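Colleague: Chain residues, written in single-letter form:
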Amino acid sequence: MNHVRTHHRPGTLPARLLRSVGIHALLLAGAVIMLAPFAWMLSTSLKDYSEVFTVPIRWIPSRLVWSNYVDAWNEAPFARYFFNSAFVATATTIGQLAFSALAAYAFATMNFFGREVIFTLFLGTMMIPDQMTLVPNYVLLFKLNWIDTYYALIVPWLGSVFSIFLMRQFFQTIPKELYDAAQIDGCTRFGYLWRVMAPLSRPVFITCGLFTFIGSWNAFLWPLIVTNTDRMRTIQVGLSTFMQEHGTVPTLLMAASTMAIMPVVIGFFFVQRQFIQGIARTGLKS
Amino acid sequence: MLAHKTQANDAARRRRYLKETFTAYLYLLPATAVLVIFHFAPVFYAFYVSLLDWNYISPNPAFVGIANYAALLQDSDFVTSLLNTVYYVVGTVPTSMAAALLVAILLNQKIRGLAWYRTVYFLPVITAANAVAIIWFWIYHPDYSGLLNGFLDKLGLPIQSWLLDPKWAMPCIILMSIWKGLGYNVVIFLAGLQNISTEYYEAAQIDGARGWSIFRHITWPLLSPTTFFVLIISVIGSFQVFSQVYVMTRGGPLKSTLVVVYYLYKIGFEDFKMGYASAMAYALFVIIFVLTLLQRKYIGSRVHYQ
Numbered sequence: 570m571n572h573v574r575t576h577h578r579p580g581t582l583p584a585r586l587l588r589s590v591g592i593h594a595l596l597l598a599g600a601v602i603m604l605a606p607f608a609w610m611l612s613t614s615l616k617d618y619s620e621v622f623t624v625p626i627r628w629i630p631s632r633l634v635w636s637n638y639v640d641a642w643n644e645a646p647f648a649r650y651f652f653n654s655a656f657v658a659t660a661t662t663i664g665q666l667a668f669s670a671l672a673a674y675a676f677a678t679m680n681f682f683g684r685e686v687i688f689t690l691f692l693g694t695m696m697i698p699d700q701m702t703l704v705p706n707y708v709l710l711f712k713l714n715w716i717d718t719y720y721a722l723i724v725p726w727l728g729s730v731f732s733i734f735l736m737r738q739f740f741q742t743i744p745k746e747l748y749d750a751a752q753i754d755g756c757t758r759f760g761y762l763w764r765v766m767a768p769l770s771r772p773v774f775i776t777c778g779l780f781t782f783i784g785s786w787n788a789f790l791w792p793l794i795v796t797n798t799d800r801m802r803t804i805q806v807g808l809s810t811f812m813q814e815h816g817t818v819p820t821l822l823m824a825a826s827t828m829a830i831m832p833v834v835i836g837f838f839f840v841q842r843q844f845i846q847g848i849a850r851t852g853l854k855s
Numbered sequence: 349m350l351a352h353k354t355q356a357n358d359a360a361r362r363r364r365y366l367k368e369t370f371t372a373y374l375y376l377l378p379a380t381a382v383l384v385i386f387h388f389a390p391v392f393y394a395f396y397v398s399l400l401d402w403n404y405i406s407p408n409p410a411f412v413g414i415a416n417y418a419a420l421l422q423d424s425d426f427v428t429s430l431l432n433t434v435y436y437v438v439g440t441v442p443t444s445m446a447a448a449l450l451v452a453i454l455l456n457q458k459i460r461g462l463a464w465y466r467t468v469y470f471l472p473v474i475t476a477a478n479a480v481a482i483i484w485f486w487i488y489h490p491d492y493s494g495l496l497n498g499f500l501d502k503l504g505l506p507i508q509s510w511l512l513d514p515k516w517a518m519p520c521i522i523l524m525s526i527w528k529g530l531g532y533n534v535v536i537f538l539a540g541l542q543n544i545s546t547e548y549y550e551a552a553q554i555d556g557a558r559g560w561s562i563f564r565h566i567t568w569p570l571l572s573p574t575t576f577f578v579l580i581i582s583v584i585g586s587f588q589v590f591s592q593v594y595v596m597t598r599g600g601p602l603k604s605t606l607v608v609v610y611y612l613y614k615i616g617f618e619d620f621k622m623g624y625a626s627a628m629a630y631a632l633f634v635i636i637f638v639l640t641l642l643q644r645k646y647i648g649s650r651v652h653y654q
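Residue numbers (our numbering), protein chains in the order written: chain A, 570 to 855; chain B, 349 to 654.
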């Protein structure tokens, strides 16, 4: 419970050592709980079916059955699911970053009629829970004939107040003198956003992009509602369909879950620092 | 002459302002169009739909006024789903927050391996809820081959049928949700802790404060804006629980895990009663809204800002 730098602390070396061991013991115990389900998933996904139900539980399969992955892959159109998720998440991320940057740029650098009112209204939409919009959006997409299309999976998520808010905050920290200088050099307003502001704002683009991509990749309720064929199902919805059809075969189910989780987990290891810092920043803002 | 000049200046300034307003609206247009069509207008459209008896396909929906809302109050399943959701929120939020605060405090002790721990605790946050629910579905397997039962058996405790038992199903979903959401709260608490200036601690130490009293009188009050933020976000998020329930229990057994959003999904997208589902969405919206206001009023007033 003490946050003061260690050299301020009284106490002998053994006492400090004991304290450090205690802290690590607690944190490690927590880490084991965090990781155990993933380990269990991997372990089950590589077991022979007969070994799944052995008692006591065996964590390390006696034989690694990699063919579970091949079997799972062949049982359902996973290639299509993956393609759909990758395509939808990428398109949503690019589109949403572009739309948000444009709006944030206006809020941060332009002086216009109704700026504060519009911004407050934008923030107000964050109060609206997603399930509020399920029925109306479904009806709208039905009327547009967009059910079971990529449009349904992408277009409603191209506007994000959260991204606009974060980008605006960042844009506001870039000195105005830079704009004046760029203007003298013949830079247009859009050119300034594209060539000066965007490159300078890489961290915030990365943060917003990661949020959007992971959110889109992991989305479940909305894709579940607006897709109804394998042609359009994303990996998460495909996985749930797979569970309904193969729910009694844990080896295949775990192999499929591993496939659905892995891309995000692997990607996360590369960008975890920026991502976690991004989250930490949103907490401090409020 | 001077008056003329200022007038000309004024006119020029106004022209510039108008031009800039026009430009700004162009930049705002794409995002605003999406937000208005898919987030803002639906609030009003949902209210209109909530006054209808409609399956979304029929061209002439019947206008029923407030009948859907009246039916909602009579619907014992809705009341059950509300109570279950409250059970879920109360079971998840305080436990998760307390555990996350503890982990964040431990991580804030200038320890080695901070980044590693943080990544590990954060891992469940970035994985899809429906996918990890499948893992937990097997952890909660009702016989000895389930991970949890195997563990209990090793400790010599009786095994349970978990998700098949109306008494245990909700605690199971709560436990999984705490596991999944913990890392997010840890990261925010840790940022909040690191944001507290060390001067406060140094001053308190000079005054002879130690351990618990430092936490009680320095950390806790100065962390309160963060705590409040986490509380609001967690309550709003927990009210919307869906994927875990959909994958693990479908609201059962005996409706013991029937939560509001799952019920809404069932009514709207399995039974296609769009009017009734909209009325439910509105009720949920109002509940979350009122709860947030109450929290702001009663807890927000105790928040200390540095």
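These aren't lab readings, by the way, just hints derived from the structure by calculation. Please read these numbers as outputs of a predicted model, since none were measured by experiment. One should not assume that every hint holds.
[To be verified] Pair ranges (Cβ atoms, derived):
hint	chain 1	residue 1	chain 2	residue 2	range
1	B	Val-427	A	Thr-757	56 to 62 Å
2	B	Thr-354	A	Lys-745	24 to 30 Å
3	A	Gln-738	B	Phe-499	41 to 47 Å
4	A	Thr-798	B	Val-638	19 to 25 Å
5	A	Val-590	B	Phe-499	20 to 26 Å
6	B	Arg-644	A	Asn-797	27 to 33 Å
7	B	Ser-424	A	Thr-718	24 to 30 Å
8	A	Lys-745	B	Ala-359	31 to 37 Å
9	B	Phe-392	A	Phe-711	14 to 20 Å
[To be verified] Pairs of lysine-lysine residues, derived as DSS-like cross-links and limited to a Cα-Cα distance of at most 30 Å, are as follows:
hint	chain 1	residue 1	chain 2	residue 2
10	B	Lys-515	B	Lys-614
11	B	Lys-515	B	Lys-502
12	B	Lys-603	B	Lys-515
13	B	Lys-367	A	Lys-745
14	B	Lys-614	B	Lys-603
15	A	Lys-712	B	Lys-458
Don't be surprised by glycine CBs; every beta carbon is placed ideally from N, CA and C.
Colleague: For every hint, state whether the structure bears it out.
Modeller: We went through each hint and held it up to the structure:
For Val-427(B) and Thr-757(A), the Cβ-Cβ distance of about 60 Å falls inside the hinted range of 56 to 62 Å, so the restraint holds. Remark: the range hint 24 to 30 Å for Thr-354(B) to Lys-745(A) is upheld by a beta-carbon distance near 25 Å. Checking the proposed 41 to 47 Å range against Gln-738(A) and Phe-499(B) shows it holds: the Cβ atoms sit about 46 Å from each other. With their beta carbons about 40 Å apart, Thr-798(A) and Val-638(B) fall outside the hinted range of 19 to 25 Å.
Remark: the range hint 20 to 26 Å for Val-590(A) to Phe-499(B) is upheld by a beta-carbon distance near 25 Å. Between Arg-644(B) and Asn-797(A) the beta carbons are some 41 Å apart, a value that contradicts the proposed interval 27 to 33 Å. At about 38 Å, the CB distance of Ser-424(B) to Thr-718(A) disagrees with the hint of 24 to 30 Å. Taken as a hint, the range 31 to 37 Å is violated for the pair Lys-745(A) and Ala-359(B), whose Cβ atoms sit roughly 25 Å apart.
Between Phe-392(B) and Phe-711(A) the Cβ separation comes to about 18 Å, which falls inside the hinted range of 14 to 20 Å. Annotation: proposed proximity of Lys-515(B) to Lys-614(B) holds, straight-line Cα distance about 23 Å (limit 30 Å). For the hint linking Lys-515(B) to Lys-502(B), the alpha-carbon distance of about 23 Å falls within 30 Å, and the restraint holds. For the proposed pair Lys-603(B) and Lys-515(B), the alpha carbon gap of about 11 Å is at most 30 Å, so the pair holds.
At roughly 19 Å between alpha-carbon atoms, Lys-367(B) and Lys-745(A) fall within 30 Å of each other, so this suggested pair holds. Of the pairs offered as hints, the one joining Lys-614(B) and Lys-603(B) holds, with about 13 Å between alpha carbons and a cut-off of 30 Å not exceeded. At most 30 Å may separate the alpha-carbon atoms for a hinted pair to count; Lys-712(A) and Lys-458(B) exceed this at roughly 57 Å.
When each numbered hint is compared with the structure, violations occur for hints 4, 6, 7, 8, 15.
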